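Enquirer: Sequences are here, hints too, so could you generate the full structure?
2 protein chains.
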Amino acid sequence: MRAGDLEGAVSGGAEGAAALGKLTSVVLDALAEGAVTRGGPLPAGGPQAVARRLRAAVGPVLPEYGTGAEEALRTVTRAVAEGAADPADPWCVAHLHCPPLAVAAAADLAASALNPSMDSWDQAPAAAVLEQEVTAALGALVHPGGPAPDALVTSGGTEANLVALLLARERAGAATVRVVCGDTAHHSVRRAAWLLGLPEPVVLPCRDGRLDPAAVDRALTGLAAPALVVATAGTTDEGRIDPLPQLADVARRHGAELHVDAAYGGPLLFSDRLAPRLAGLSAATSVTFDLHKLGWQPVAAGLLTVPDSALLAPLALTADYLNADDDTEAGLPDLLGRSLRTTRRPDVLKIATTLRALGRTGLGALVEHCVRAAEELAARVDAHPRLRRRPGDTGISTVLFRPAAADALTGEAGDALVAEVRRVLLAEGRAVVGRAVAEDADGRRRLWLKATLLHPRTAGEDLEGLLDLVAATAAAVTPAVATTPGAATAAAAGRIRTGNEPEGPR
Amino acid sequence: MRAGDLEGAVSGGAEGAAALGKLTSVVLDALAEGAVTRGGPLPAGGPQAVARRLRAAVGPVLPEYGTGAEEALRTVTRAVAEGAADPADPWCVAHLHCPPLAVAAAADLAASALNPSMDSWDQAPAAAVLEQEVTAALGALVHPGGPAPDALVTSGGTEANLVALLLARERAGAATVRVVCGDTAHHSVRRAAWLLGLPEPVVLPCRDGRLDPAAVDRALTGLAAPALVVATAGTTDEGRIDPLPQLADVARRHGAELHVDAAYGGPLLFSDRLAPRLAGLSAATSVTFDLHKLGWQPVAAGLLTVPDSALLAPLALTADYLNADDDTEAGLPDLLGRSLRTTRRPDVLKIATTLRALGRTGLGALVEHCVRAAEELAARVDAHPRLRRRPGDTGISTVLFRPAAADALTGEAGDALVAEVRRVLLAEGRAVVGRAVAEDADGRRRLWLKATLLHPRTAGEDLEGLLDLVAATAAAVTPAVATTPGAATAAAAGRIRTGNEPEGPR
Chain G
1 MRAGDLEGAV
11 SGGAEGAAAL
21 GKLTSVVLDA
31 LAEGAVTRGG
41 PLPAGGPQAV
51 ARRLRAAVGP
61 VLPEYGTGAE
71 EALRTVTRAV
81 AEGAADPADP
91 WCVAHLHCPP
101 LAVAAAADLA
111 ASALNPSMDS
121 WDQAPAAAVL
131 EQEVTAALGA
141 LVHPGGPAPD
151 ALVTSGGTEA
161 NLVALLLARE
171 RAGAATVRVV
181 CGDTAHHSVR
191 RAAWLLGLPE
201 PVVLPCRDGR
211 LDPAAVDRAL
221 TGLAAPALVV
231 ATAGTTDEGR
241 IDPLPQLADV
251 ARRHGAELHV
261 DAAYGGPLLF
271 SDRLAPRLAG
281 LSAATSVTFD
291 LHKLGWQPVA
301 AGLLTVPDSA
311 LLAPLALTAD
321 YLNADDDTEA
331 GLPDLLGRSL
341 RTTRRPDVLK
351 IATTLRALGR
361 TGLGALVEHC
371 VRAAEELAAR
381 VDAHPRLRRR
391 PGDTGISTVL
401 FRPAAADALT
411 GEAGDALVAE
421 VRRVLLAEGR
431 AVVGRAVAED
441 ADGRRRLWLK
451 ATLLHPRTAG
461 EDLEGLLDLV
471 AATAAAVTPA
481 VATTPGAATA
491 AAAGRIRTGN
501 EPEGPR
Chain S
507 MRAGDLEGAV
517 SGGAEGAAAL
527 GKLTSVVLDA
537 LAEGAVTRGG
547 PLPAGGPQAV
557 ARRLRAAVGP
567 VLPEYGTGAE
577 EALRTVTRAV
587 AEGAADPADP
597 WCVAHLHCPP
607 LAVAAAADLA
617 ASALNPSMDS
627 WDQAPAAAVL
637 EQEVTAALGA
647 LVHPGGPAPD
657 ALVTSGGTEA
667 NLVALLLARE
677 RAGAATVRVV
687 CGDTAHHSVR
697 RAAWLLGLPE
707 PVVLPCRDGR
717 LDPAAVDRAL
727 TGLAAPALVV
737 ATAGTTDEGR
747 IDPLPQLADV
757 ARRHGAELHV
767 DAAYGGPLLF
777 SDRLAPRLAG
787 LSAATSVTFD
797 LHKLGWQPVA
807 AGLLTVPDSA
817 LLAPLALTAD
827 YLNADDDTEA
837 GLPDLLGRSL
847 RTTRRPDVLK
857 IATTLRALGR
867 TGLGALVEHC
877 VRAAEELAAR
887 VDAHPRLRRR
897 PGDTGISTVL
907 FRPAAADALT
917 GEAGDALVAE
927 VRRVLLAEGR
937 AVVGRAVAED
947 ADGRRRLWLK
957 ATLLHPRTAG
967 EDLEGLLDLV
977 AATAAAVTPA
987 VATTPGAATA
997 AAAGRIRTGN
1007 EPEGPR
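These protein sequences, in sequence, are chains G and S. Counted from 1, the first sequence has number 104 at position 104 by the numbering used here; the numbering is strictly sequential. Throughout, the numbering used here is defined as the position within the second sequence, counted from one, plus 506.
These aren't lab readings, by the way, just hints derived from the structure by calculation. Every value quoted in this text rests on a predicted model; they were computed, and no experiment measured them. By construction, the Cβ of each residue, glycine as well, lies at the ideal position given by its N, Cα and C atoms. This list has only true hints and no planted wrong ones.
Some, not all, of what chain G presents toward chain S, calculated at C-beta under 7 Å:
#1 Ala19
#2 Leu20
#3 Ala51
#4 Leu54
#5 Glu64
#6 Asp108
#7 Ala127
#8 Glu133
#9 Thr158
#10 Tyr321
#11 Leu426
Distance windows between CB atoms, simulated:
#12 Pro245(G) / Asp535(S): 47 to 55 Å
#13 Glu706(S) / Thr361(G): 47 to 55 Å
#14 Ala819(S) / Gly197(G): 13 to 21 Å
#15 Arg171(G) / Asp948(S): 39 to 47 Å
#16 Ala56(G) / Asp714(S): 49 to 57 Å
#17 Asp535(S) / Pro276(G): 39 to 47 Å
#18 Pro782(S) / Ala56(G): 33 to 41 Å
#19 Ala175(G) / Thr916(S): 44 to 52 Å
Expert: Laid out in structure tokens, this is it:
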């Protein structure tokens, strides 16, 4: 490698910005080209075809000799963009997987270029202050009456839930804390208990997708150990909000603590109209709050908020190279207790930029948009002759529905049809729709298709065509499902041939 | 907010790239401006002044109404850049905090814009394949003889060490695994044991900065529980490499397992000349390997490598919405067991792009450059009349030294002078130098200044001025330290006034 060429250029300083500008223009072109080549919400052909194309485009990933910065950026970016499931496409609605705002993605470039690490002041002097301001402001949003509202920036809801359980374990002073949650709680709650060496949580069935305070009351009555009730404000499957005030009451009566996983629902607080849905949230000892769902940040942008900064004390840690006592006494801020990680990317930079660009009301308007889009979609499903919506309320911005054709099948074939429709749409590269098991009107648990609306601009009418496609796919797939489950997916993948797919195996 | 303006634009699709391009140009300008205003490796004035300036520039971080995308990007980026400790500056050498390559930072923009999430195929079809290719290749680099080398992408060495201990706990089938490590092991090893509910590790003193196999032998002899020996290839304080072949032998004889934290040293494997220093590494059951140190990635780019993919099985997890059994049987890849996180940024994108741009030999050349720069710096310290180097070998790319003036002071005043010199340099914004406690020739532990050379272009001669500055600062500070520790830092911070600093408190 020659000194002075772009391969060895670093991104910092004034010169770094110039080198970076040359290279980001390559990336932007490749992103646009990849999107055009893909031509839809995800690549066609199913997993094997996508893998073949990626491998053919990229070849060996650790070559002896480099191809240069521009070639590498063009090739890798184009291949990944062409093979992406793009949440910016209105028909990419499977998950709590948002299309990032361009302003947030652009701010994230500054994080990459400057590369502050949030574990010590001398790696992130200004970024650390910015984080302090933002965590205090978001802590106060969630816990307006708290003595010293604060928050930690996490890698997402999973880490936030982990820290919440860890803090509860440390407050109890023993690994005997019993978590009590609903079967709609995110899987990370159980995983965190496992990781931390806590007993298996008490998991209560949620009949209407919400945690029942009476069931929690009964569960707590039977427990000898200290307990942490984990409620959810925006379930993963349906976007439903547990009855927080009642759960807070029950927990208080039993001397238990309350953690609320509001990874999905938390941003309702940005909207004056929607915030009342989260009444009771401020009673929680800790709250999981994500901005890479409703919040439109590139991953990661998680938070754990607390009403009192002192609750974070168990994370305090001294490492002489990062926060020696004499440095702290001399006024160098001690940041090491602000995370389970050590080296840590300044995710706060994109968050702060987005909060400033849109303001609370601007973000609230986007949240309201998504809620409204889901209501519109629900109405369209209800009006559709060949689809049926899961009975009951629509969650925050999630709609569950299934083809009427599935109801016409007996035994497990109905659920098999629902799953097959989803997989065929994925294999054809036409839509990314989710799945969820939830109770039907007759009390039986059935499989549903799931549309999670997180696009800040998509309207219900943009999804009318998707509804027709789902119904048509169900009709086309029904005969195969009735005989050989899985056959339709394989057939769909087999039908897809794109111009740039190489022949033969890898 | 009006529909159609940049505030609501998303970064995906072909149109997203265009919106993103307008905004990244604002960011690039602001980065350059911030670097020029800063005018050095870090902002002057110390923590309080930096905080004041940041707060004055940014104001309330959650305003009711937004300022628009461009204003927000300009203001926040400029403030954070102006207040950054920039590792691209040759005198920013405190930590394992690298200046990212521009090619890696540019590739990271694609990750932000596309926002794949690595927890399910339908959120990251191509990115998941790319990760599979890269983790297999890097696994094979570390464990060339392994049956099925593999790796997990982590948020850094801390998470990699955590997963290593978790896997050991699960293999043992009980939370009784005893970790045996040196006092030079990274603090995250002890923290992981705490997190996982494991007993306090057995921490052995390291007399020359390396873990002594005989001491490990004695420690293992006394243990009834299953044990995990944690060795380090590149200690945080000195970059020293534990005697891996001997440690592997000792562990094997006792039926213990070996984990190696090669977060710093791992990339020596890219260089034919330096790889032999890591002989014995492939005997480990797991290896922590970071690419945001020697590897020049923006944070995060951690890895945990294993010789056999089957070792990762304890992380397997089913969540119906992400990897339902029938979807997995139908051929949709199951990615959920590839991390402790759920939603996960595709850090592999920048890693893959960098590996391709530079190739193994190109990266190896950069690693060799840093090692050589440290050797040059060590020689310059040895030749300097007013500095003294910590006796013994130089670590991978780390040099410990102290002003001779510190040796002239009695009691703890010598260490106080070393600490004060570092803080004065920080307060003046002139250099970012680290600190480490290490044994001196007389067997006593003393405080040293630390230079960690990770810049791919800086040469030893670029640091000659830094050495003179350290010596001069020591001379200037000595009288104050002898009377009032901390006074010199306060005075240095007080002396600094920059044109754009507001008067008065916030």
